[in-house]
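Undergrad: For reference, the chains in residue letters:
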Amino acid sequence: MSNTARANILARLREPQRPECGFSERDYLSRYDWDTAERVKRFTERMVAVRAEVHHATPETWLDVVSQVCAAKGLSNLLVSPETVLGKQLHAQAERFPALKTYDQPIESWKQELFYGVDAAFTGTTGGIAETGTLIVMPSVDEPRLMSLVPPVHIAVLEVDRLYTTFAEAVQAQGWVQAGMPTNALLISGPSKSADIEQTLAYGVHGPKELVVILI
Amino acid sequence: MSSEFRNTVRANLAKPEVRANFYRAMDGLMTRRLDQFPDKAELERLRTQSMAIRANALSKLPELLETLEANLTRNGIQVHWAETTDQANQIVLSILQKHNAKSIIKGKSMVSEEMGMNHFLEALGIECLESDLGEFIIQLDGETPSHIIMPAIHKNRVQIAKLFHEKFPDIPYTEDVDELTQMARRILRDKFYATTVGLSGVNFMVAETGTLCLVENEGNGRMSTTAPSVHIAVTGIEKVVESLSDVPPLLSILTRSATGQPITTYFNMISSPRKPGEKDGPEEVHLVLLDNGRSNIYSDPELLATLRCIRCGACINHCPVYVRIGGHSYGTVYPGPIGSILEPQKAGLDVHGELAQASTLCGACSEVCPVRIPIPSILNRLRYDGVRKDAANTNTVGSGKRRTLSEAATWKTWAWAATHPTIYHAGSTLATRFKGMLPTNLGAWTSVRSAPKLAESTLHQQAKNLGVDHE
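Chains A and P are the protein sequences, given in the same order.
All residue numbers for the first sequence refer to this note's numbering, where the first residue is 1 and numbers rise by one.
All residue numbers for the second sequence refer to this note's numbering, where the first residue is 1 and numbers rise by one.
By construction, these hints were calculated from the structure, which means they are not laboratory data.
Any given hint might turn out to be false.
As the list claims (entries may be wrong) - Ranges of calculated distance between the beta carbons of each label pair, as one might list FRET restraints: (1) K41(A) with E127(P): 47 to 53 Å; (2) D161(A) with A70(P): 45 to 51 Å; (3) R14(A) with D176(P): 18 to 24 Å; (4) D190(P) with E95(A): 31 to 37 Å.
Built from N, CA and C at the ideal position, the CB exists for glycine as well.
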């Protein structure tokens with residue numbers, strides 16, 4: 001049935017005469033002259049405007065920041081991959097953090113715990129976008145998709161040298177097409193929210209209620 | 001003269017609470033959109049770019065659909081084609097049956113509304129759960145969406161509070177938006193946890209990479225497409241774009257035009273089901289491509305622009321008719337200006353052709369459309385198609401079906417008089433002589449205006465008296 005439908009639809013779409021068009025306007029690129037400091041400032045403004053927390057740190061201090069954040073929020077556990085570069089560093093100083101959990105089995109084996117027993121998750125990012133205050137997250141074997149979605153708190157580290165001005169710039173600079181798209185690529189721009197009730201903003205609808213970004 | 005549409009409009013115009021809700025909502029959305037576009041020249045450049053991206057995709061539509069299908073399939077996503085909503089529903093059903101699923105959790109999908117999917121599945125004993133907060137609210141109340149982006153826009157918080165308390169009596173009554181939202185979060189979290197099949201729409205699909213892109217703020221879209229073991233995406237055939245580089249500009253103008261946001265909380269780009277070694281994500285991902293009249297719209301070079309739509313809802317937010325009559329008055333899945341051009345073309349001018357009449361052609365919609373759809377021109381064209389005598393010369397469904405002999409005769413007479421000057425002048429001179437006898441009650445026309453008063457003498461006579469030579 002689907003094959004007949006396919007043939008019929010494509011045949012109908014091929015019938016009309018189609019004009020030759022150039023569409024050079026497709027390539028227009030908005031230009032910004034933002035240096036790193038400006039990008040960090042804009043990113044921070046956008047994130048704070050949607051109630052994300054932003055901390056500025058260095059490769060030497062970011063672990064301190066994570067530890068402080070966990071204490072401030074009274075977290076009883078933290079989901080962290082032991083395989084990633086940053087995750088390894090966290091696990092190496094496990095005593096400074098709440099009980100560290102790992103996502104090392106398929107979701108089917110521990111769904112109950114992930115959905116109802118995990119306070120927060122820590123992930124890395126593959127980049128950021130300053131114009132819109134956005135994290136680029138590409139879930140992987142080590143940091144699965146639900147990590148940045150299910151637990152009510154998401155803590156993420158963003159390296160400033162991967163903070164791009166626009167989404168278009170990130171796609172181009174990182175060669176997304178040439179590299180091939182991953183299973184799932186995510187742009188995360190704050191904690192979950194909705195304005196469906198009288199257009200009044202409410203946070204923490206289905207995704208994380210709190211997003212903490214640590215810039216290094 | 002009355003029709004079901006007009007009766008519904010009249011009834012909804014008389015509901016002050018509904019009208020107040022819409023005024024407040026539309027004012028807010030229009031202001032927030034304006035705030036996002038401070039540089040007018042830049043806005044026009046972006047609109048032209050977005051139009052070019054969509055027009056380019058449409059100019060190559062069959063080829064791009066084939067490329068998209070090839071890349072999605074290579075990525076492991078199963079592609080299905082449906083000419084009608086019946087076929088689309090059957091495809092969804094067969095996937096559910098294959099997995100013995102008795103329920104499906106939905107992100108948000110206007111195409112699923114077009115399919116009447118919830119009714120279809122529920123009649124067969126399959127539970128359809130809406131997870132988008134607005135859709136969840138109206139599902140509780142047994143209603144349909146009144147806006148394509150904000151489905152519960154016609155309700156205020158007191159109405160929602162009462163509804164929640166009625167459906168969940170164990171939870172104490174509250175009008176606090178945060179508390180209502182947390183209620184929905186708790187209830188739906190259990191559903192995300194337990195349901196095996198999730199359904200979503202698609203905002204953009206990228207032919208170059210075989211990627212489905214989804215826009216959302218709440219996280220329910222990601223939940224519905226990640227937690228269940230099967231993800232079904234349904235969309236119209238026109239939603240494809242050629243290249244990945246087409247996505248950033250469209251995303252930017254979409255979110256800013258729709259809700260005045262620089263970007264939505266989440267932008268979710270799905271290119272495959274769970275790969276070996278990955279620990280979550282659906283094992284199966286399906287895409288259902290629905291035609292339902294779109295290929296027919298495609299065949300007309302003037303009406304084709306209808307298919308550029310990226311479903312932002314800006315036209316709806318700016319329409320003076322929509323804000324007064326509300327989304328439900330249209331009686332269609334898509335309301336407002338886009339609905340008034342899309343629905344008559346899909347269902348036929350004989351079914352929804354009257355929607356094309358319900359406009360002053362003010363053009364507010366076409367001024368804000370991010371892809372420059374000339375909505376007033378299309379409305380005019382549809383009005384013409386509805387009454388034209390040569391229905392065979394156009395593919396528009398229901399052409400000529402709105403033609404009435406009395407209207408046709410009236411225009412024919414006027415055209416004859418207007419092209420015969422002696423008759424025309426004799427007629428207008430006669431009118432000035434007998435102006436006292438003209439009726440002052442002209443039904444609906446004079447119910448809100450004074451009747452026209454004719455002059456003592458015609459313009460031609462006055463000009464002649466003044467010695468004006470019109471050669």
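Undergrad: Starting from the range 45 to 51 Å, see whether the pair D161(A) and A70(P) falls in it by beta-carbon distance.
TA: violated (37 Å)
Undergrad: Given a hinted range of 18 to 24 Å, is it respected by the beta-carbon distance of R14(A) and D176(P)?
TA: violated (56 Å)
Undergrad: Is the gap between the beta carbons of K41(A) and E127(P) within 47 to 53 Å?
TA: Check passed, 48 Å falls within 47 to 53 Å.
Undergrad: Cβ-Cβ distance between D190(P) and E95(A): within 31 to 37 Å?
TA: Hint holds: Cβ distance 35 Å, inside 31 to 37 Å.
In summary, the numbered hints that this structure violates are 2 and 3.
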